[in-house]
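**Student:** Work out the full structure, taking the sequences as your base and the hints as a guide.
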Amino acid sequence: MATLNANSQSSAFNWRALTGYLPFIVFILMLGYLAVSAPQLLTTDSLDLILRQSVPTVVVCLGLAVVVIAGGDDVVAGGIDLSIPAAAVLAAAIMADQLTNHGTAFLPALSMAMGAAVIVGLVNAFLVVKVAMTPLLATLATSVATVGITKVVTSSRRINVDHPTIVSLRDNELGGLSVGVLLTLLLVLIFYFAVHRSKWGMSLQAVGGNRDAAELSGISVNRMLAQSFILASVAGGLASVFVLARGSGSSPGSEESLLLEMILATFLGAAFSPRRVVTLWGAVLGAVLVTALSIGFKSIGVNVFWTGCIKGALILLVVASAALATSKD
Amino acid sequence: MTENTQVKASSSASLKQQAVGFLKQFGFLLIIAAVFGFFSLYATNFLSSSNLLNIVEGSSILLILALGMTYIVALGGIDLSVGIAFDFGAAFAIVALKNYDLVWYLAVMVGVSGGLLVGLLNAFLVVKLSVSPFMATLGTFFIGSSVQRIFTNGGGPISHRGAPQEFRDLAVGKIAGIPSEIVIASVLLLVYFLFLEKSIFGKRIHAIGMQREAALVAGINVNRYLFWGFVIAGGTCAIGGIIGSANLRMFSPLAGYSYLLDAIAAVFIGASLSRNGRPSVSGTLIGVLFLGMIANGLNLMGLNFNTKDALEGVILVVVLMLAVYQQKSLGKS
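Residue numbers (the working numbering), protein chains in the order written: chain A, 1 to 329; chain B, 1 to 333.
A few of these clues could be false.
Reference excerpt, derived from the structure (chain B facing chain A, CB under 10 Å, subset only) [to be verified]: (1) V131; (2) S146; (3) G154; (4) G155; (5) L260; (6) F305; (7) N306; (8) T307; (9) L311; (10) E312; (11) M321; (12) V324; (13) Y325; (14) K328.
Here are the simulated distance ranges between beta carbons [as the list claims (entries may be wrong)]: (15) B:S199 x A:P252: 43 to 49 Å; (16) A:S155 x B:F22: 42 to 48 Å; (17) B:S282 x A:I300: 51 to 57 Å; (18) A:W281 x B:L106: 50 to 56 Å; (19) B:M109 x A:R223: 50 to 56 Å; (20) A:S155 x B:N45: 25 to 31 Å; (21) B:S282 x A:D162: 54 to 60 Å; (22) A:F193 x B:R275: 46 to 52 Å; (23) A:L186 x B:G302: 45 to 51 Å; (24) A:S155 x B:I200: 51 to 57 Å; (25) A:I28 x B:L303: 48 to 54 Å; (26) A:F193 x B:I200: 53 to 59 Å; (27) B:S186 x A:S155: 34 to 40 Å; (28) B:F195 x A:F126: 36 to 42 Å.
Derived from the structure by calculation, the hints contain no laboratory data.
Fair warning: this is a prediction, and the values are worked out from it, not measured in the lab.
Heads up, the beta-carbon is just placed ideally off N, CA and C, and yes, glycines get one too.
**Tutor:** Take a look at the structure:
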């Protein structure tokens, strides 16, 4: 009787553990299918293309990962920042406008763009920490306002950019890797050391793990939360450079697909971690895989709108399997 | 002894406390009055009776979506896919008329079923797969947006100039001299008011939103309420979409998205106005009219389209901030 009980318990446990891996398995199956039906995907050229195309998503994912790590991954009360893609697209619009329409040099244009992105982060931090709005509501509101401001900057038109610095991010190579990919790798390392190897990062994780315990041990929870939103907006601002490089300019409405990829990649990344929590590496890996999926579907001729639909379904698969894997019954 | 000093301290501070209490209770009403005063002074014709009617008529569709949102927020969730239900309502109705030549009332029913479908997907995800309402409705939003793009080959509108007059009258007609949009929205308002504020179901819904565990312990079938909440909200939002499509005699993909933040804002403004900081149908009505007033006033001031969009977004952030601030301070006191 006792053994029977133990057996049934352990089989239930295994089933649940399997559910947690489901999105991962589905993902690998999809990529495997794509690799078989489009063998050119596995050439170094197309792997290089995947890395280059994934750069903007990787950078915004770093930002979202930091917010989720600090806020905890309860999606309602915990950390979420829906405004990172909007901030990135606003920064890209400001930079495109400055570089192309006003002939501003690269660094001043970049600092204006970064300034605008950080203002978005400051507003988020204020709304969440001082006003005690839920991050979801606060960042949804700022993202809509940011998109509106972007329309004023661009008059809802596309702005082409052929500034040499932006072009070189995409086209120049160093030791076989594109400059953009190398810079992103550097950024990932900086974020990694900040979050996982520094005292600041330990506090950040403590806040996300148990807010009350962190407060008792003398960490200023509010300050850490505010910093996470500001850091996320910095990531958004930096991503703008890569958004410009990827699209050869700024186009209106590009924030929606970036938002979709960011959320899918970050929460898919949680499926790679042993404890099923959002991590930096998971988010980065998730971003590359999501891009591989997009490029793969494109190369076998799938309508780009179907790709959006599949990604939306994947998000639901990821969160549903995580919810089922951790549910009590 | 200590009691005495406490009483003294409280009586000396009572005037200030009263003032703070007054602001906490009515602060937002003062802001509404100030915005009203501002537009009366600076927006020409703002106060004319025809314009005031415009505000009410222009707010009808938002009110319908905000009612659905009120229901979900009262349950303790959020619905990011109200715009998708709106779009599906519009698309199903227009396609039913154009491609299948249905009678107008059948087309309306087909449209509502489009919204119910969106609600069913949300309900399934939230209740059966225990996905949080936020993630579930965000996923529905992404899928619903893609489906519309696939269906319209990238987002071109589907117009139906030959829509029957009865269908058009849902938006532009009059019932007993009152614009039918206002009549439809008012009927829904009344139904939601009776359901959410006056019935036992409404009491249970608010109980679930406030203390889900307690509601479970008290024997309320929380899952059933969540399920029907999402389904009914989806159907309600579709009615908004049908009126929108009847007005323009076309379905424009993704048009519903522009209502999302307004609907959320209206609910939270309404919650900040109620005594206990809970979402309420009457509060939502005031929130909707307030937002309608801002949109109308900015229009009358003759701003450029992009500037108006940006300004509305920024105003919404500020308004939401004040509303949540007031709601939190109500919850504490």
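**Student:** Next, verify each hint and record whether it holds.
**Tutor:** Do the hints match the structure? See the list:
1. V131: Constraint on V131 of chain B satisfied, holds at 5 Å.
2. S146: holds, 4 Å
3. G154: Holds: closest Cβ of chain A sits about 7 Å from G154 of chain B, inside 10 Å.
4. G155: holds, 9 Å
5. L260: Constraint on L260 of chain B satisfied, holds at 8 Å.
6. F305: holds, 8 Å
7. N306: holds, 4 Å
8. T307: Given a least distance of 6 Å, the restraint on T307 of chain B holds.
9. L311: L311 of chain B check passes; min Cβ-Cβ to chain A is 8 Å, inside 10 Å.
10. E312: Constraint on E312 of chain B satisfied, holds at 7 Å.
11. M321: Interface hint status for M321 of chain B: holds (5 Å vs cutoff 10 Å).
12. V324: holds, 5 Å
13. Y325: holds, 5 Å
14. K328: Holds. Min distance 5 Å.
15. B:S199 x A:P252: 43 to 49 Å: holds, 46 Å
16. A:S155 x B:F22: 42 to 48 Å: With Cβ atoms ~45 Å apart, the hint holds.
17. B:S282 x A:I300: 51 to 57 Å: holds, 54 Å
18. A:W281 x B:L106: 50 to 56 Å: Since W281 of chain A and L106 of chain B have Cβ atoms about 55 Å apart, the given range 50 to 56 Å holds.
19. B:M109 x A:R223: 50 to 56 Å: Since M109 of chain B and R223 of chain A have Cβ atoms about 55 Å apart, the given range 50 to 56 Å holds.
20. A:S155 x B:N45: 25 to 31 Å: holds, 28 Å
21. B:S282 x A:D162: 54 to 60 Å: holds, 56 Å
22. A:F193 x B:R275: 46 to 52 Å: Roughly 51 Å apart at Cβ, these two residues keep to the hinted range, so it holds.
23. A:L186 x B:G302: 45 to 51 Å: At roughly 49 Å between Cβ atoms, G302 of chain B and L186 of chain A fall inside 45 to 51 Å, so the hint holds.
24. A:S155 x B:I200: 51 to 57 Å: Roughly 54 Å apart at Cβ, these two residues keep to the hinted range, so it holds.
25. A:I28 x B:L303: 48 to 54 Å: At roughly 52 Å between Cβ atoms, L303 of chain B and I28 of chain A fall inside 48 to 54 Å, so the hint holds.
26. A:F193 x B:I200: 53 to 59 Å: Roughly 57 Å apart at Cβ, these two residues keep to the hinted range, so it holds.
27. B:S186 x A:S155: 34 to 40 Å: holds, 39 Å
28. B:F195 x A:F126: 36 to 42 Å: Holds: the Cβ-Cβ distance is about 37 Å, inside 36 to 42 Å.
Checked against the numbered hints above, the structure breaks none of them.
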